[in-house]
Amino acid sequence: MSDPQPVSGTAEPQPAEQTCATAPLKVLVIDDAPDVRAYVRALLRKWGFDPVVASNGADGLQRLRGGDIRLVICDWMMDGMSGPEVCAAIRREDFPHYVYVMLLTGRTEDTDLVYGLDAGADDFVGKPFDVQVLRARLQVGVRILGLEERLAEQNRRLKQSHDALDRAYGQIQNDLAAAARIQRELLPVSDAGIAPLSAGWLFLPAAKISGDSFHFFPVSASEMGFYHLDVAGHGIPAALLSTSLSRSLVPQTGILAPNLDSGEYLNPAGFLEALNAQLCSPDGEVTSYATVVYGVLDPHTGEGRLASAGHPQPLLLRADGSVELASKGGLPVGMFDTAEYSAHRFHLAPGERIVTYSDGITDCFDADGRAFDLEHLCDLLRAHRNAGSSALAALLRDAVLAWRGEAELEDDVSLLIIERPAP
Amino acid sequence: MSLNHRQENGIDVVTLPERLVMANAGDARAQLKDIIQSGSGRVVVNLGETTFMDSSGLAVVVAGLQAARKMDGDLYLAQMSDTIRALFELTRLHTVFQIFDDEAAAVRAFG
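Sequence order for the protein chains is G and R. Under my numbering, the letters of the first sequence match residues 1388 to 1810, in that order. Under my numbering, the letters of the second sequence match residues 2 to 112, in that order.
Same shape as in the complex, but just chain R:
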């Protein structure tokens, strides 16, 4: 599995896979970390294609956030489905992420 990644105005835009679960979470986590650490630390994670995420998947996004903030950057989330949003709300993680309806708005928010 290879994460879909591009750069826009120095911001890393990463799309996560359709299912982010224990089986692929370790791989996704390592790739996301590599992308963040070789970039500016400003990251938009697009969840538009992600329909299911388990607790290991959540750890991937949190690890990404920590890596970005360690570089004085941040990680914004975009286009999450209602199911994924419910998971973030259940675990209260929606309180630590900036969440945007669409990717472009998330990229713009970095200014």
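Just chain G, with the same shape it has in the complex:
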């Protein structure tokens, strides 16, 4: 046997120092032979480790439960627990880190390496051992423990960032829920304000908050105004713009609201032109745009005016059960500052209705990829024309959700029905 140099003062690899720069690595030696324990302990000290000894498996396990030892050299043949039994017991324990176990196997002893491996041993050193072999094997163990430690450290960091992401995600979800509440507060709660007209509506945001919005309100002593807006895109940016536009479009909300006396609310084309000017960016680049329809209606005469900007054509539900498309409009607002809009007249007989909607309803796809489409929508409106407006809206809501099935909505869905009272 060679007699290796002590670690201190040599240029040789320093196994104990590789994983722990501050304190030497603890190594537990479990052996029932006092001379072997003493010899291995002396070698370990010389190599820069911090040896701990135990004379049997039970004592060794007890010492390991202190949690500060990660490397074990254990004899195979011992009184009480055998080496493989100690291995198996170590593996059963729930230590906070991996314990690397080397079994000392006598060459004359009847030892089965496969049995030892199955029990959980990591390596074997034959006895009587070559000191250099023991040292090299110890270095392998130190290397593996180093890898294990780096992995554990990476896992800790991953878990930390995962937890941080989790918290951030929860915060975003809370913010979205709060934003959705604010948005719902901007939607109509009752049609009392536009009596004797009545209204029904449905509103299904695709990602909690929506780029769609709609409302109705009196605009003069004799006329009611209504709009339906769909901001391009969906999710947070679309909803932010939609919400801020809604605030500025509804005349009753806040000091920033346009002045009713300006006459814009009576002139649908002017209304869209003002909105277009507000949304077009000065550098002429399209940043955000919306499709919108705005109309006014006199409940007593049934005379109305309507202007549209790239929005699906409103539907006129006639008394005879037919569905007519209102006239086409101009370009979406927010794209071209030169866009022009014009108002078109329409008329509702008593009991007739006008329906505005966003394309989220007609472009809602079922599991087979079929769109809900306009024809289907018109069929439903015809089939249930005797239902009241809010019952009709509830029915359409169920129909869209049933069409979509289990899948989440891809686009915001909204629809507004305004009804002239029956005689």
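For the record, the hints were derived by calculation from the structure and aren't laboratory data. Be a bit skeptical, because a hint or two may be false.
[Claimed, not checked] Only some residues are given here: those of chain R computed to face chain G with a beta carbon under 10 Å:
no., residue
1, Met-2
2, Leu-4
3, Arg-7
4, Asn-10
5, Asn-25
6, Asp-55
7, Leu-59
8, Val-63
9, Gly-74
10, Glu-90
11, Leu-91
12, Arg-93
Ideal Cβ placement from N, Cα and C applies to all residues, glycine included.
Since chain G is already given, all that's left is putting chain R on it; use the hints.
Relative to the frame of chain G, chain R by itself:
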């Protein structure tokens, strides 16, 4: 995603992806703008492979048109499917674009 792009007689011919939606619209928009601004401003956008486009996708094409016209050029559309055409008609955008049945005709139209 990289837009399919080639030049023909100084005209940039760009093919848009199969789906042009919010997820890839920002990327497509930046690439289309780069192509237009480093070219002559005369652009043909081929929609032959595009089967679905949402409102963000429409903004890509409109932004391209604006970039081209800012350079005194233009952006023509070619080979749009019935679905895409319906979207352009719904939003009335078919009134601001020159639309051609095939790419070669669109390229020829630049003269």
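Structure-based check of each hint:
1. Met-2: Hint on Met-2 (chain R): violated, closest Cβ of chain G at ~18 Å, above 10 Å.
2. Leu-4: Status violated, d = 18 Å.
3. Arg-7: violated, 26 Å
4. Asn-10: With Cβ-Cβ at 28 Å, over 10 Å, it is violated.
5. Asn-25: violated, 13 Å
6. Asp-55: holds, 7 Å
7. Leu-59: Holds, about 7 Å.
8. Val-63: holds, 5 Å
9. Gly-74: Gly-74 (chain R) check fails; min Cβ-Cβ to chain G is 15 Å, beyond 10 Å.
10. Glu-90: This interface hint holds because 9 Å falls under the 10 Å limit.
11. Leu-91: Cβ of Leu-91 (chain R) sits 6 Å from chain G, so the hint holds.
12. Arg-93: With Cβ-Cβ at 5 Å, under 10 Å, it holds.
Consistency note: the structure conflicts with the earlier hints numbered 1, 2, 3, 4, 5 and 9.
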